[in-house]
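**Student:** Protein chains in written order, with our numbering: chain D, 1 to 147; chain Z, 148 to 289.
By construction, these hints were calculated from the structure, which means they are not laboratory data. Source: prediction; values computed, not measured. Where a beta carbon is used, it is the ideal one built from N, C-alpha and C, also for glycine. Treat the hints with care, since some could be wrong.
[Stated by the list, open to error] In silico contact screen, one side only, chain D against chain Z (beta carbon under 7 Å); selected entries:
#, residue
1, 2
2, 6
3, 26
4, 31
5, 39
6, 54
7, 73
8, 77
9, 107
10, 118
[As the list claims (entries may be wrong)] Part of the chain Z face toward chain D, derived, beta carbon under 7 Å:
#, residue
11, 155
12, 172
13, 191
14, 192
15, 193
16, 205
17, 214
18, 217
19, 218
20, 224
21, 231
22, 248
23, 249
24, 263
Here are the chains, one letter per residue:
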Amino acid sequence: MIRVLSALVIGLVFGSGIALSGMANPAKVFNFFDFAGAWDPSLAFVMGGALAVTAIGYAVVLKREAPVLDRRFHLPTGRDLDFPLIAGSAIFGIGWGITGFCPGGAIPALGLGHGEAWLFVGSMTGGIALARLARHSLASRATTKAV
Amino acid sequence: MTEFTPWLSLLGGSLIGVAAVLLMAFHGRIAGMTGILSGLVPPFSNDWGWRAAFLAGAIAAPALIMMIDGSAIPFESPTPAPWLVAGGMIVGAGVYFGSGCTSGHGVCGMARVSPRSIVATIVFMTSTAVTVFVVRHLVGGL
């Protein structure tokens with residue numbers, strides 16, 4: 001129960017940050033990336049602020065043995081610069097450039113009460129589900145072949 | 148046109164950082180929206196409770212700010228509905244295979260100086276900028 005309450009409060013902080021920063025506003029995202037047009041550099045300040053606080057905070061927190069509410073830190077350990085990482089990131093950018101929504105911006109945007117965010121998040125969730133299906137069916141086919 | 152908002156954006160970005168640090172300190176988790184959301188797509192992961200709670204908080208926050216402040220938070224989505232659907236599917240597939248998005252790779256991973264996150268962030272920032280250029284200046288808008 002304490003874990004759920006804590007995550008709710010941290011989610012509130014995250015959503016407030018996204019909403020105030022302008023990341024939940026597709027028009028602002030488009031203008032950040034539009035160097036050839038009406039360039040609005042605001043989102044560089046979002047990234048800068050977020051990175052500075054996180055880098056310092058992580059350095060302090062990760063010196064501990066374990067987090068407060070779990071037995072261990074769940075950190076990604078992969079180091080390969082593999083094809084899925086690069087192709088997936090390039091594909092993500094195409095979608096971000098078309099819609100102006102990234103996942104972290106779109107979820108809090110749901111709370112602004114505009115239908116566009118709901119349409120985007122529904123489609124994005126469908127995209128994640130389909131991608132997972134595709135990866136699992138590919139993986140099981142590969143296993144069958146190996147046998 | 149959107150208004151240049153350096154201070155508000157810096158404040159918002161810092162709050163995103165505070166949330167990322169708190170999620171690591173208390174839950175030992177990366178504050179990446181892709182990772183958190185993926186555990187809520189069937190088949191659900193066993194630890195869906197904190198994930199759903201984080202999402203609920205993230206969605207409630209802008210509504211609460213608007214209630215307290217009494218004014219609307221700027222929002223403008225000029226993309227036609229069919230492109231929102233297509234773009235949404237593209238983003239979902241991309242972040243799934245790329246193992247993260249702006250929050251997971253761009254903030255948390257970069258803060259850990261993870262080589263995978265640094266490469267992912269450079270790739271998706273470049274790809275987004277190229278896409279915006281093509282859509283706005285070559286195609287002339289969707």
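**Student:** Compare the structure with each hint and give your call.
**Tutor:** Against the structure, the hints come out as follows:
1. 2: 9 Å, violated
2. 6: 5 Å, holds
3. 26: 5 Å, holds
4. 31: 5 Å, holds
5. 39: Violated. Min distance 9 Å.
6. 54: With Cβ-Cβ at 4 Å, under 7 Å, it holds.
7. 73: 4 Å, holds
8. 77: Given a least distance of 10 Å, the restraint on residue 77 of chain D is violated.
9. 107: 5 Å, holds
10. 118: 10 Å, violated
11. 155: This interface hint holds because 6 Å falls under the 7 Å limit.
12. 172: 5 Å, holds
13. 191: 11 Å, violated
14. 192: 11 Å, violated
15. 193: This hint is violated: residue 193 of chain Z lies away from chain D, its Cβ roughly 13 Å from the closest one there, beyond 7 Å.
16. 205: Hint holds; residue 205 of chain Z Cβ to chain D Cβ min 4 Å, cut 7 Å.
17. 214: Hint violated; residue 214 of chain Z Cβ to chain D Cβ min 11 Å, cut 7 Å.
18. 217: Violated - the Cβ of residue 217 of chain Z stays beyond 7 Å from chain D, reaching only about 15 Å at its closest.
19. 218: 12 Å, violated
20. 224: Residue 224 of chain Z check passes; min Cβ-Cβ to chain D is 4 Å, inside 7 Å.
21. 231: Interface hint status for residue 231 of chain Z: holds (5 Å vs cutoff 7 Å).
22. 248: For residue 248 of chain Z, the interface hint holds, since the closest Cβ of chain D sits about 5 Å away, which is under 7 Å.
23. 249: Check passed: Cβ of residue 249 of chain Z comes within 5 Å of chain D, closer than 7 Å.
24. 263: Where the cut-off is 7 Å and the nearest Cβ of chain D is about 6 Å from residue 263 of chain Z, the hint holds.
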